[in-house]
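Engineer: Generate coordinates for the entire structure from the input sequences, incorporating the hints supplied.
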Amino acid sequence: MSRLVVFSNRLPVGDNPAGGLVIALRDTMDTMGGLWIGTAGDPNTAFDSRLVNHPGANFERLAMRLSGTEHQNYYLGYANSVLWPICHGRPDLLDIRPEYFESYLAVNSRLAELSVEHLEDDDVIWIHDYHLIPLASELRKRGIKNKIGYFHHIPFPSAQNIRALSHYKELVGWFAEYDLVGLQTQRDVASCLEVFRSIMSTEILLNGKIKYGDNIAQVKSFPISIDVSTFAKIAANSLSGKERILPKNQRLIIGVDRLDYSKGLPQRLRGFQQFLKDRKSGEQNVSLLQIAPPTRGSLAAYSNIRNELEALSGEVNGEFATIGYTPVQYIHKPIERNLLAGYYRRASVGLVTPLADGMNLVAKEYLAAQDPTNPGVLVLSQFAGAYEQLQKTAVGVNPYDATSIAKAIEKAISMGLAERQDRHSEAMVQMQAQDIHWWTKSFLNSLARTSV
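Residue numbers (my numbering): 648 to 1099.
Treat the hints with care, since some could be wrong.
Stated by the list, open to error - In the SDA-like style, the derived pairs of lysine to any residue whose C-alpha atoms are separated by at most 20 Å in a straight line are: (1) Lys794 / Ser1098; (2) Lys816 / Ser876; (3) Lys816 / Ala806; (4) Lys1054 / Gln931; (5) Lys880 / Asn1021; (6) Lys867 / Glu1035.
Just so you know, the hints here were simulated from the structure itself, not pulled from any lab data. If you're wondering where the values come from, they're calculated on a predicted model, not measured in any experiment.
Structural biologist: Here you go:
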């Protein structure tokens, strides 16, 4: 049986809170074993030119240390000040600098160079996310002929926006070096094919295959998910789900997002503010618990969103708070996953309103955490990747429209038990059929069927 070799920017080492990518892949690697290569550690850690072994898992972990300059230019620079905004429809936030692109290429080149000696001829290689798009190309240059798949965890950029990059043809060429390019949604597949179609030397073949130069790659949708059954058990057993965190006469809405401009947090608070304005006096109080852990705080776009969110929270509380009632509870730090599962379970509404999102696993975690006898309701942005799967069971919303958000909250908070149960049951059937194990098998089976 072939060994699975995973590459990603972040590795599951240390005490840093894991994101959705790491959680999903860790479940896969715990089950399948193999080798996981990536970067890890504080950029202030002493620089080491080797891959550093991290024992203690059911799989092998090798990490490449980044220098402080590489962390600044490759990670904060090209990955998160160029690729992240272009993929999330914000070309106005691009910070294009030559040193960013040079460092991005150099880090991927060095990772490939250091990894070659650890690869075996029959390994199946699975590369993840926008930090490592050139990695297949770099491995091919070094003679690696293995099957190589790539999964893009964030939205795929539009053909119009991608041209804002000075090196967009190189970017397209890197994707073509993969045997299989996995994307979250059919919408992303359409965007990807349109990007390739807009390049004159690209030929669109049958079944989502593209021919770029001498390379043929297949592009398919594989919507990522969670371990639904396990998370449901965690939520049911969580002590936080049994605590009373609000007075009896209050209902809870929960939002959980990294503090990022793509998550639509200011728009969400304005929508909740409109909901409170529209409510009739004497109706049951409703509170919003917004958990927004920090991320990339050294970048101006992120510090700006934090300042705006804090100001809006204060504005809403100043307008609507009374003795014993705080409309917005804003927490700017990560919450341990077991506790978070319990808070999901206690919430009458899960408010997931990103402006752009590859999938959004919070939506699926919220649904999995619910008590099936008395479930809450998911309010979901039409721009979340999860909407493609859950639009029939969630209350859809336009996250740019405060009135749309307010009406969606009112519909969800007022929904009767029978309808809530029906929606939740249908959502769970869909999610259990396409859980994280389905995602892994579906991608790897498709990769196995490609020709090298």
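Engineer: Are lysine 867 and glutamate 1035 close enough, with their CA atoms no more than 20 Å apart?
Structural biologist: With Cα atoms ~15 Å apart, lysine 867 and glutamate 1035 stay inside 20 Å; holds.
Engineer: Decide if the proposed pair is consistent with the structure: lysine 816 and alanine 806, CA atoms, cutoff 20 Å inclusive.
Structural biologist: holds (11 Å)
Engineer: Next pair to validate is lysine 1054 with glutamine 931; report whether the Cα-Cα distance is within 20 Å.
Structural biologist: The given pair, whose Cα atoms are some 16 Å apart, holds under the 20 Å limit.
Engineer: Hey, lysine 880 versus asparagine 1021, does the alpha-carbon distance stay inside 20 Å?
Structural biologist: holds (16 Å)
Engineer: Below or equal to 20 Å on CA atoms is what counts here, so check lysine 794 against serine 1098.
Structural biologist: holds (8 Å)
Engineer: Assess, step by step, whether the Cα of lysine 816 is no farther than 20 Å from the Cα of serine 876, and give holds or violated.
Structural biologist: violated (43 Å)
Checked against the numbered hints given earlier, the structure breaks only hint 2 and satisfies all the rest.
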